[in-house]
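Taken in order, these protein sequences are the chains called A, B, C and D. Residue 225 in my numbering sits at position 225 of the first sequence, with consecutive numbering throughout. Residue 226 in my numbering sits at position 226 of the second sequence, with consecutive numbering throughout. Residue 252 in my numbering sits at position 252 of the third sequence, with consecutive numbering throughout. Residue 70 in my numbering sits at position 70 of the fourth sequence, with consecutive numbering throughout.
Hint data in this document are derived by calculation from the structure and do not stem from the laboratory. Glycine included, C-beta positions come from ideal geometry on N, C-alpha and C. Check before you lean on any hint, since a few could be wrong.
Derived DSBU-like pairs: lysine-lysine, alpha-carbon spacing no greater than 35 Å straight-line [stated by the list, open to error]: (1) A:Lys60 / A:Lys234; (2) C:Lys334 / D:Lys376; (3) D:Lys345 / C:Lys304; (4) C:Lys327 / D:Lys345; (5) C:Lys99 / D:Lys345; (6) B:Lys98 / D:Lys376; (7) D:Lys345 / C:Lys35; (8) D:Lys376 / A:Lys132; (9) C:Lys290 / C:Lys162.
Cβ pair distances, simulated, as ranges [unchecked claim]: (10) C:Asp372 / B:Trp56: 19 to 29 Å; (11) B:Arg174 / A:Gln192: 43 to 53 Å; (12) A:Thr11 / D:Trp195: 54 to 64 Å; (13) D:Gly172 / B:Arg172: 29 to 39 Å; (14) A:Ser156 / B:Ala101: 26 to 36 Å.
Next come the chains, spelled out residue by residue.
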Amino acid sequence: MNPLLICTGLTMRFGGLTALDNLYLEAREGEVLGLVGPNGSGKTTLFNVLTGIYRPSAGKITFAGENITSGTPQEIHRRGIARTFQRSRLCLDLSVFDNIMIGNHTALRLDFFHNILRRRAFCRDYELWRDKAAEMLRALNPSLVSRMFRPVGDLSMIDRRRVENSRALVRRPRHPRLHDPSAGMTHDETRQLMDEITASRMGGDRLTVILIEHEMEVIRRSTSHCVVLNFGRKLCEGDYAGVVADPRVQEAYLGKELE
Amino acid sequence: MDLLLQYCLNGLMLGMMYALVAVGFTLFFGVLDVIVFSHGDTVMIGSFAGLATYWWLHSTYPGLPAGWAVLLVLLAAAATVALLGIIVADAMIVPLRKGPALNTLLATMMLGTVLRESIRLFFPDGSNPQTFPALLPGWSWRGGNLILRFDNLVLFCGGALIIFLVHMIINRTRLGMAIRAVAQDEEAARIMGVNFRFVVLATFALGSAVAAFAGVMNGMYYSEINFSVGLLLGAIGFSAAVIGGLGNIYGAILGGFIFAFLQTIGAVAIPFASAYKDVFAFGAVILIMAWRPTGLIAEPSSQRV
Amino acid sequence: MNRLFRKSLYACCLALLIGLSGAWLQPAEARTSFKVGYIGPLTGGNSSIGLGARNAAELAIMEHNINPEAKYYFELVSLDDECKPNIGVQAATKMAADKNILGAVTHYCSAVALGTVDVYHRFGLPVIVYGAVHPDITYAHNYPEVLRIIGTLINQNQVSSKFMLSQGYKRFAVISDTTDYGKSHKEFFTKYISEGGGEILAEFGVTADQQDFTVELTKIKSLNPEVVYFAGLYPQGVRVRAQMEKLGVNAQFQGVSGVKSDAFITGLGPELAEGCLSFLEGSPLEKLPKGEEFMRAYTARGFKNAPDTMAPFAYVAMTQILEAVEKVGPDRKKIARNLRAIQGEDTLIGKVSYDDHGQNSEPYVSKYVVQDGKWLVWEDSDYASGKRSLKK
Amino acid sequence: MSRAAAIFSGPLGCILPAFLLLAWSGFFLTAEDQTSILLSLLSLAGFLLAAVRLGWVNILREAIAVQERLWDACLITIMLALMILFREDHYNLFLLGTIMAYATAVLGLNVQLGYAGVLNFSCASFFGVGGYTAALLLSGTDLPPLLALPLGGAVAALTGCVLLLPVLRTSGHYAALVTMAFALLFRVFLDVSEWFGGPQGIPVAPLTIAGLDFSQGILWGDAEFSFYLKYDLLLLLVLCLAYSITRRLERSWIGLALDAVRSDEVASACFGIHIRRWKITAFTLGNFLSGLAGALYAMMLAYISPANFTFADSLLFLSILLLGGIGNIQGVLVATVLVVIVPEKFQVIQEYRYLIYSALVLLMIVFRPVGLLPRKPRAYTGSPA
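Looking at chain A on its own, in the form it has when it is part of the complex:
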């Protein structure tokens, strides 16, 4: 399996603070990479740099052999990278369908002519997408289909996460990144959600996923490979068992034991 995404020497500084420090990271095609580390270790910053929200202070990001280091979020998205956010960033006043279609933005016809003047063609176009979205939602939670045109703000936490994951996956990206998909949910809900994600991964496409998750159980079940970050540096990497056993990781999470 060759690496789909490679970061070399990635550094991100905010004023005096170094959030990422000369980081090397690779994600191989088709794997689920777990990204763990204590708070403030640079996981979120890494996501933001990878999706073009921040421009790195130094270093290089290669995706499928192409340099995407200084791309705008739009360009990077078009190459097939999608993401979710730590704090759910759904548009709460928009409907479920709207939110999913935002993820589908690059597939939509946006010219004035099509949208305003040729309404009949537009409606056909719309019905096509509506059915697709319904199909997707049905797989996650059938009851969401009937609530497709209700504001997302009315939904429960897990349904919101479902919508957000659908939004990230609707374009069938090659490389989705999921940020804390379980935040704000119970254990059972989390398990259910992860099963859904894994299911969508197994659904034939070979998705490469980077997963940030605080719930170690989720990491254990879902990932094939883990990277542990601390103070913007890679502490260690390997499979779940190996990483958990590493004393440096325990130290980073629990602090050094007093002699």
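Let chain A serve as the given structure and place chains B, C and D on it in line with the hints.
Chains B, C and D alone, transformed into the frame defined by chain A:
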């Protein structure tokens, strides 16, 4: 040369006035992340409260020495306006924070109109310009075209003193610490035991009292006050606070002087049409915003993603 | 629950019924009633003059209505133009479009009157302009509906420039607001001053809501003029005069008709206002033979506001309109024609004759000076008698 | 109740309310004395309150959603009927025209603020740019007068481009300042400039289309109909166009993109949405509509001055949008009618009208910040799915 110096002096006086207004804007923004657009009209209320106090003093204690009169006028104006600020904050601004920022902005603009119209309709003869008494002795020193007036000097120093006091309150007192804490992270401050409501009300009282001073200063400087100054003064104070960088007191002061400077330059440097000076000043504000979208002294943006 | 609904439904239907039926119940009238209009600044910076004039117009109607010989009964419709042309045009449209209104007394601000005369002409409403002095209001066209009882500013500036030159002033600095009122004052004043041998050192245009004049005045100070001529309305006049003092500009303040208001003195205080000059069409009330009578009648009605400067003009204009209706009946065209025909009528403000443009051609310009907190006619003041002197 | 609901969900559910609305507004506009005005307003308020409590509003809303075309036709019919009713009454026709011009401008503002979230405190300035363009084109050039309408919009949109850079770079209060500064600047500029007539304002030549002079009344047998009727018809056409464009815009992928930009710029960018492109689109389209409305309004007014286009007027437009419910174009119509008509009818409160108006808006923002008719989630094909 003395002409140039005179322009500078005028500009400085104007700048001090704008700076005092802008400080209020920026204080409120720092604590609550809102723009209280009625602040310009608060200044106007301050000058009218000062005038009313003077009338009362003048009729009850005719022989009162001018020094006392100034002090009492200032205190009464500050107290009235601080009370107004507290009421506005408690009844309107805090409840409105839940909604979008636009609502607060619009609501305070409407509040400004309400204040303005109330003075016009309910202050005796309020629709006409009113004489503001000369409470300070009008000694002056002349050199060529330059005239340096004692009262202006006192007003300028008074303004500077007020700004210094605000600086001390913010940086050296417990209240100031609480204000800074709330400004930085409201939730954390609450958890650490800061009485949020008290801090907000105290900030509004402080900002409004500064506005009252600006109002009385405005009255004494121009010897005349009228109900309609609030809107433009508010717009200018807001501009000054924004070009300085919202939430930053020193930025607001800088912004105030910059705006006064722009107006003066506009009037002096475009000799054929000094009436264009406001066009020039506001045009410059737009350009500054295009160049520095978050103000000259910008806070690092800390948006969480 | 259901009962509550039903109750509220009944209540609403009842309210609707009452509302609609109440609307159709009109009070009965004894005499045939007609409407006449007034438009002027009732709010904003110039409201003190506008309110005084409105009251005077109302006074004229009240006096007419209690007159047992009058055939008709009149009602006043008064609208606010806020001294803003756009509001004025709307108000004028509203008034002119109302066919029950037979005539109107309108406008203090020239900017407004210039915009509205076309409206009056288009709808054929006869109006008498009581306070706006821009020449174009009557002379730019030949509309039979538009008349003006007050003189034009051409006349005013002829008198004022001649007077200033006769007082020995030679060097003038001019500040004018950018309205047509200010601009044409400036135009005629500079013209007559230059013709008379005086010198205009500088001209400044200022906006109508400007607060700070220090930059303009600093420039003026360096030119050291003998007179600062201000063409604008009194709110700005107050500021200019006050800031002259602050900057030590030791020149004579000369205003135009827009400054001659009691509010100018209240705004400045008697010390600062002392010695300020202004010029105004017509004679002051106390000089008029019937002036005292008018004042007594005005006070007796218990109006809230003082009559201020323009009240006599509005009063006379309204009286003329009412008399015209009495004479020719409710026909706008005839009323306009009847008004035009007025020649040499003896009124409160002196003789009134309308020329072929509807302009009162017997304007008399009075000179005023502030003495001890009051506008006094120049000839009666200590300044004319030499007891006090203007600034040199 | 259910039988009634069944009846009123059909065509009757649109036609009956429309008829009531027509009857009431006809009565209200002709009412002269203050008591009847007050009473009719009170009865309307009581009726509406009852309608909300009894659930009639929901019935109406569903009836409208199902039969949108019919409701549109009803609204147009109401306007036409009012015009015919007031055919000789200049003033009421003028009011109707004002309502339609303002509504068109606010629809433009709605595209900017309601959809894309671009703050614009200078809507009245762009309205004014359109008006002044029309004034100058009609008096200074030999262009066909009808061309002045789209040109008014185009010049307003172009003027907006001057502000694009700062508007795009700033956000929140900083963006508010940029447009506010522009509104103040625009007013002062008009006040002092010689070319645009100064504070005095300038007359606007009447519109003529194919020899038809819009400033002349229409002769119909013995009766002469007001010339405002012509402007009203044209304004109705423009309003219908603007309304239909904004509605289609909302119900399209473009509307979705605009909403996404407003709702969350960062998230939108991560899904490939071009923030700048859509902000520019919304800002320019909004200014075009404002300018178009301004041009026609200026022609109807026949006389414009800087005082028509002040910062306070921009606030008026904004408060109309807020009152109606940001993003809801039906709310825009309702709110415009209220804001234009009610103060006009209350001559008693003349001196106090600003005070009362601003106090009411203030109270509304505090107690019902979502406006009269809050926006509903998007329904792409009109009827709810």
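Each hint, compared with the structure:
1. A C-alpha spacing of about 16 Å is found between Lys60 (chain A) and Lys234 (chain A), which places the hinted pair at or below 35 Å, so the restraint holds.
2. Restraint check: the Cα-Cα separation between Lys334 (chain C) and Lys376 (chain D) comes to about 59 Å, which exceeds 35 Å; the hinted pair is violated.
3. In summary, the hint linking Lys345 (chain D) to Lys304 (chain C) is supported, as the alpha carbons are separated by about 25 Å, within the 35 Å threshold.
4. Taking the CA atoms of Lys327 (chain C) and Lys345 (chain D), the gap is near 33 Å; set against the 35 Å cutoff, the hint holds.
5. Taking the CA atoms of Lys99 (chain C) and Lys345 (chain D), the gap is near 18 Å; set against the 35 Å cutoff, the hint holds.
6. As the CA atoms of Lys98 (chain B) and Lys376 (chain D) are separated by approximately 20 Å, the hinted pair is consistent with the 35 Å bound.
7. Between Lys345 (chain D) and Lys35 (chain C) the CA atoms are separated by roughly 18 Å; this keeps the pair inside 35 Å, and the hint holds.
8. With a C-alpha separation of about 23 Å, the suggested pairing of Lys376 (chain D) with Lys132 (chain A) holds against the 35 Å cut-off.
9. For the hint linking Lys290 (chain C) to Lys162 (chain C), the alpha-carbon distance of about 30 Å falls within 35 Å, and the restraint holds.
10. Remark: the range hint 19 to 29 Å for Asp372 (chain C) to Trp56 (chain B) is upheld by a beta-carbon distance near 25 Å.
11. One distance hint, 43 to 53 Å for the beta-carbon pair Arg174 (chain B) and Gln192 (chain A), holds here, with the actual separation near 50 Å.
12. Range check, Thr11 (chain A) to Trp195 (chain D): Cβ separation about 57 Å, and the 54 to 64 Å hint holds.
13. With their beta carbons about 31 Å apart, Gly172 (chain D) and Arg172 (chain B) fall inside the hinted range of 29 to 39 Å.
14. Remark: the range hint 26 to 36 Å for Ser156 (chain A) to Ala101 (chain B) is upheld by a beta-carbon distance near 28 Å.
When held up to the earlier numbered hints, the structure conflicts with hint 2 and nothing else.
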